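Undergrad: Starting from the structure of chain E, add chain H with the ligand where the hints point.
So you can see what is in the structure, the chains are spelled out below.
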Amino acid sequence: MYSDKVMDHFKNPRNVGEIENPSGVGEVGNPVCGDIMNIYLKIENNVITDAKFKTFGCGAAIASSSMATELIRGKTLEEAWDISNKAVAEALEGLPPVKMHCSVLAEEGIHKAINDYRKKQGLEPWVEKNPHSHDHEEDGEGLTCQH
Amino acid sequence: MGEKRIIYMDHSATTYVRQEVVDAMAPYHTENFGNPSSIYRIARASKKAIDTARAQVAQALGADADEIYFTSGGSESDNWAIKGIASANIRKGSHIITSQIEHHAVIHTCQYLEKEGFTVTYLPVDRYGLVDPADLEKAITDKTILISIMYANNEIGTIEPIAELGAIARNHKIPFHTDAVQAVGNVPIDVNAQNIDLLSLSAHKFYGPKGVGVLYIRKGTKIDNLIHGGGQERRRRAGTENIAGIVGLGKAIELATADIEGHNKKIQAMRDRLQKGIIATIPSTHLNGHPEKRLPGNINISFEFIEGESMLLWLDDEGICASTGSACTSGSLEPSHVLLATGLPVEISHGSLRLTLGNINTDADVDFVLEVLPKVVTRLRDMSPLYKKSGKDGGCNVQ
Ligand code: FES
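Just so you know, the sequences run in chain order E and H. The first sequence begins at 25 in this note's numbering and counts up by one. The second sequence begins at 657 in this note's numbering and counts up by one.
Chain E on its own, in the form it takes in the complex (with noise of 0.2 Å):
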């Protein structure tokens, strides 16, 4: 059911542990689920020098969570900021219908982990452009552009 990229990233996860003294964490859990999701990253100079995660939850999860990492890594916060769910499940090339929220798991825990730097520099957390946008894909729409 899974492709051959999810596969690779749930069997070879990168950027698995913990950062320590991270600049932010995000730590968000699956309404639909019950599954959480914690994203650590580093950041320098506005720049997002390491990422990591520790997730408990499916095989969809866990290669979102691996491939989420990868994509913000070397990213400014607003590059990384802008990367969507579906950004990630289209990397993993493509995710079953029923599996695309634990790819919005991963925006999520993003999203969190940089509003939690900036909460910690002093700065006002960005908010969420349109929180419920995300591509669910609970109407079995694929991965179908929605703009």
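In short, the hints are calculated from the structure, not lab data. Quick caveat: nothing in here was measured; it's all calculated off a predicted structure. Virtual Cβ for every residue (Gly too), placed ideally from N, Cα, C. Careful, some of the hints might be misleading.
Unchecked claim - Between beta-carbon pairs, the in silico distance windows are:
hint, chain 1, residue 1, chain 2, residue 2, range
1, H, D972, E, E94, 21 to 29 Å
2, E, G118, H, I695, 56 to 64 Å
3, E, N36, H, L943, 26 to 34 Å
TA: Below, chain H with the ligand alone, put in the same frame as chain E:
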């Protein structure tokens, strides 16, 4: 190297078909394909084969042959028993009693009837999954028209006190149905001694073919038909008979019930060794189901801090077939209703693994699972945020 070895430990999902059964079925696909309702010779052969199968089932259940009705499987049998009794007894009342841990074929049928105006009591279970006969006694009202409690649970393997529950139903003159899909071949069944009025079974759970089952209906039980049409099955269940399937079911049930004790001894020895080995080598586990009153091949264990689907993916990678009650695999994204009914917290239900052993398994299979499973659990725990929080040493690799 050729194909990777497959270790099949999901016999509660389905079994392979025994060679003897395949051989018994074969002629009914080819030379004896006649419609049993016709009168020429090849049709008579079909009819005779169905009679033989009916006798084999009756023998296995301690029933009479004319109380055996062939169906398309366990789900149809459950639907027929519940809807058929409900509609035939509507004048008497509209209350049904079942349990919280039934198979979806029973639960969803009851929920459907609730929408149609019936009232349903879902009896709770204790932490082992047992229904308390006292709860049944208390739930009965003068409007109760059916009691349906499964014989053995498909997920946690717990065997219910069927004879006792049946006796209570009998005292109140209420028809008693049991979904025995998991029980046949594992537990000796006697519909008279156990006060069973209706019983569902399915061939593919005891090394027979898929798509064929039975509903046992005690003589004199008031029940409406579910499938309307021709006059097959003594006008009770329409549709041209699945002859080959019926023959296969008959052969399979005969073989499965010939030596239940011997079969159980062999399977249970492997199961016990596997279960003990898992609990001894992996910390923070939780055995689900009853420690003794359970199906001989069933193991259901929760591993804290990890999720079941990711466990299954790793096991599958090693050729091991198993199942889980995790929300992530359920389609509805809800954890197993059975585990929740036993009071297991959601996150621990998430990490449940069901291994169901059967005839195909060997001691070498047990050894292999005992070698692979601890590694899989460790690997997943190492990436679980819950593992560290619980204060366990998640960082170091035990390898
Ligand atoms: S994390 Fe539960 S379905 Fe993916």
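Undergrad: Which hints from the list above does the structure break, by number from lowest to highest?
TA: The structure breaks none of the hints.
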